[in-house]
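S.K.: Listed below are the residues making up each chain.
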Amino acid sequence: MKNIRVLMFGWEFPPHNSGGLGTACYGLSKSLSRANVSVIFVLPKKLDGFDHDFLKIIFANIRNIKFREMQTLIHPYITPDVYDEYLRTAPEHELYGLNLFDEVRRYGLQARNIAREEAHDVIHAHDWLSFRAGIEARRVSGKPLIVHVHATEFDRTGGHPNQYIYDEERRGLHAADCIVAVSQHTKNVIVEHYGIRQHKVVVVHNGIDHAEHRKALPQALTHIRAKGKKIVLFVGRLTIQKGPDYFVRVAKRVLEFEPNTLFVISGSGDMEHQIIRQAADLGLGEQIVFAGFVRDEELMKLYRAADLYVMTSVSEPFGLTALESLANGTPILVSKQSGVSEVLTHALKSDFWDIDDMADKIVNVLESKGLHETLAELGAKDVEHVTWESAAGKCADIYRNHLA
Amino acid sequence: MASICFYFQVHQPYRIKKYRIFDVGHDHNYFNDHSDRDINNEKILHKVARKCYLPANKLLLELLNKHPEFKIAYSFSGVFLEQLETFSPETLKSFQKLVKTGRVEVLDETYYHSLAFLYSKKEFVRQVELHRAKVKKLFGVTPKVFRNTELVYNNELAKFAEGMGYQAILAEGADHILGWKSPNFLYRAPNARKIKTLLKNYRLSDDIAFRFSSKSWSEWPLTAEKFARWIDAVNGNGQVVNLFMDYETFGEHQWEDTGIFDFMRALPGELLKHPDNDFVTPSEAAKRYDAVGEFDAHSFISWADIERDLSAWLSNSMQNEAIGNLYALEKEVLASKDKSIVDDWSKLQTSDHFYYMCTKWFSDGDVHKYFNPYDTPYEAFIAYNNVLHDLRYRIEAAKKKKTHAKKLRGIKKKKTAIKRQKPVKPTKRKMIKKVSKKKVAKTKSKKRHA
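Residue numbers (this note's numbering), protein chains in the order written: chain S, 5 to 408; chain C, 231 to 680.
Here chain S stands alone, though its shape is the one from the complex (with noise of 0.2 Å):
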């Protein structure tokens, strides 16, 4: 089989990661260079901060990765305010948009010479801020054009979208030969709000990294679950995507039957101070504990030590936590409005708004055991099959579909 190449432009990696978006294009590109893929992966460089080696380090053992790098402001879930903040404080050398839209076309405007400088088959572009560099490269090269749908507008915004960024996705949407989305939820949403043909779209659902998940760790809140207090997790940023608000109604809801209940807040964004008041409000200070942002070790220590993994999301277009719990052995329910409870069986589904059932299957899971058992054991089977490998070979076949 012959050797593709990509032009990628994709996001950050973990350990620099705030979110799924930077997990999932390491865990595919690192599973589509196993794949008789080799990419040039193109990432976005903040002129400080940004640890150069770390990239070599991480890939020393994959030669079939090459990285070229950007220089812009830009990253995932960045907002326009974020970004104007961000100009401020960026050294004045350095040439940047005067706001993030700006910025964006000028990333666009430089992922041509890339185009030009780089030898490749097919261009693959990740979440709407490289969409204008995918469309850019594609007029250098005349090479097709994938773009991968991690989150849309809508899912981010609750449904009240940012009309400038909405733009921009429709644009690169339609321009694109083909279209990525990370779940059948997110592939309804792009059929259904930015009118592409059902056909245009085709479902690869996001995987795991499992050898990562069985690293044995200390155990973490010991003093806490010695005491016989349940711990109900939330990991997720604090935005309006993520429905915290509902999951704080829903350990109030839950307390009146559990009182022994500790819950977990991981995370932080735009809603944490309104978070922090909506749980004093209640009466929940003691009873809700807000763990900040958290990953890696510790966040598989959390995952751990929990007795539910929950995921409120308002709309989710995969929820990439859900599996990492669930490789932690820790059960879970997830929304319904999520891309994961597709691939899943053995996971308690809520509708998020729906807080009285979502409180009786936490209530259910806290005080039995052979349900609790039930679902860690057999989600964990579940999840084994959700891998990188099976979506690198998935995106593998979309590039030669369109090559042939």
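These are calculated hints, taken from the structure and not from any lab test.
It should be emphasised that the depicted structure is a prediction, and the values quoted were computed from it without experimental measurement.
Using N, Cα and C, we set each Cβ at its ideal position, and we do this for glycine too.
Some hints could be false.
Unchecked claim - Here's a subset of chain C near chain S, in silico, CB distances under 7 Å, partners left out:
| # | residue |
| --- | --- |
| 1 | I251 |
| 2 | S446 |
| 3 | L544 |
| 4 | S547 |
| 5 | E551 |
| 6 | T589 |
| 7 | Y608 |
| 8 | N615 |
Given the coordinates of chain S, work out where chain C should sit on it, guided by the hints.
M.R.: This is chain C only, laid out in the frame that chain S set:
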């Protein structure tokens, strides 16, 4: 000579409605779903009556009238008969009409279609007796043959049924026990003396019950003529072919448009074309044929799934926990003497509840999913678990009521006793007062301490 022995299982459980933790302590009706979902028991019963029971009964009555040699047997669960009485007396009448022909035998089982034999022999006997009484009341007959829920069977059960006076018992002709032996003979459990074991010929039974409409099956379409030829082939190396299946095969599992009714309409005539064929009921088979050997089932077998074991009901920890919790209540439930508590506890024993919690095939989405009215096994468990909470709550309430009533009676007795008492002498009275004062002082100081 090959005798054909038809037995149809007729059962409908009382499915639990969506019952949440918030309902505990407030709502004591567990089985009264009125939605469009498949947990609405009345709706299901009407649907199955229309598609299966009524047309199948009509057909079988027709066949009994046409062929004086034709015979069949039914086993009705008690909970099914109860639902017929409440929801569809018309269907009950049509079954009674069939039994009246004298060529339709009724078998015994546990009233609640339960797994009681595995957990409590006492409860098992209670349910079999209830069932016997129900059958006697509705059909005027007393069964002589026993079949346990889902053909769950082992040697011990055979012996036990013998002790209860049954002449025969039904079981699955499971390959791993039969080995080279044929299911087309009668057998005996190694520890039994008289009772005979009739074994389901699962190949021929399942040809009708499962494969009939399967277009990927090499024998499709199955005609009565072809099936009769397969039965004829048993002649000379078997005495009785036991065709055991769910009655819902007709019209519900195999829809009318598959031709299942036409197949059944033609089958007795085709079978009777061979002069050596005839029909028997299970008790007639037991009377006519001797047991030819031992059927040694040390561990439990059943007619469910390819495993033919208990795993459909008792393989994951949810199922085991649920059923364990249920039977742990037995003593208190019966001691409560509260009819509605006993009744609900019994209905919760029906094996279907545990079947709905099965995760074995959940991922592959086969028959378990088809027969599961809940979206997931977890939903089934949660509703069940919540109901058990409420039941415990009711048991406690009933207990308190009892002790309260006892106390009241006690107080009344005391009062009358005091009235009758002679006045106490003054000296003694003083002493009592002193003692009580001391006691009061002690408790007071304790309180302060705390």
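S.K.: Each hint needs a verdict: does it hold in this structure or not?
M.R.: Each hint tested on the structure:
1. I251: 5 Å, holds
2. S446: 25 Å, violated
3. L544: 11 Å, violated
4. S547: 4 Å, holds
5. E551: Holds. Min distance 3 Å.
6. T589: Holds - the Cβ of T589(C) comes within 7 Å of chain S, reaching about 6 Å at its closest.
7. Y608: 6 Å, holds
8. N615: Constraint on N615(C) satisfied, holds at 6 Å.
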